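S.K.: Sequence:
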Amino acid sequence: MIGILGGTFDPIHYGHLRTALELRQLLGLEEVRLIPCRVPPHREDPAAPAELRLAMVQAACAGEPRLVADDRELRRDGPSYTVDTLADLQRERPRTPLGLILGVDAFLGLPAWHRWEELLERAHLLVVERPGWEPPRAGPLAELLRERRVGEMADLAGRQAGGILPCTVTRLDISATAIRAQVAADRSPRFLLPDSVLALIEAHGCYR
1 MIGILGGTFD PIHYGHLRTA LELRQLLGLE EVRLIPCRVP PHREDPAAPA ELRLAMVQAA
61 CAGEPRLVAD DRELRRDGPS YTVDTLADLQ RERPRTPLGL ILGVDAFLGL PAWHRWEELL
121 ERAHLLVVER PGWEPPRAGP LAELLRERRV GEMADLAGRQ AGGILPCTVT RLDISATAIR
181 AQVAADRSPR FLLPDSVLAL IEAHGCYR
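Quick note: the sequence shown, position 135, residue 135 per full-length UniProt numbering, numbers continuous.
Honestly, the hints are just simulated from the structure, not real lab data.
Note that the structure is predicted; figures quoted are calculated from it, not measured.
Even glycine gets a Cβ: it sits at the ideal position worked out from N, Cα and C.
Heads up, none of these hints are tricks.
Simulated restraints on C-beta separations:
1. Q25 <-> V150: 13 to 23 Å
2. E143 <-> H114: 16 to 26 Å
3. E152 <-> G132: 17 to 27 Å
4. E30 <-> G151: 14 to 24 Å
5. R208 <-> E152: 39 to 49 Å
6. E92 <-> G158: 13 to 23 Å
7. E202 <-> R43: 19 to 29 Å
Kindly produce the complete structure, drawing on both the sequences and the hints.
M.R.: Here it is, written out as structure tokens:
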């Protein structure tokens, strides 16, 4: 299985990287693709240009061969819809299951996503839990969890898509929004993100 972790990565930080690394190790994923989006459909446009965000992801993944920076959404015009990205990956690797990595907030917001019900036709959902979160008790997501939730990775064996696996990883309370605010206030965000990423931010005068 290939893990898929999308986002604006504005900038990428250790919270993203630790999640990707732990899930790769815990679940035995072949690799995790980190895919920066060009135009997020449900958020404001990123502060950093697409090319710089890609360079930051590439720098962050350097030295960890199974974390892969993937630029496919930056090569597409228009909004970055996850369902299109999964379809593209399926065409490339038709026999390899995909695991879409989502935080709890993203999972709870799925009904607002473009063609969201198709996601489970193309991938498993790997939902990163947080302490104290309550699964929905009613509505389409509650029904989805009742039908598709599994308890461990082995339950997905032999299935190409359609399962929902809750996952627990080390929680790092790091926010890209807070990092941008620190840079804007001339405070160093060092140790919240890789030095190679910070060097790119400083070299381009980004977030000031």
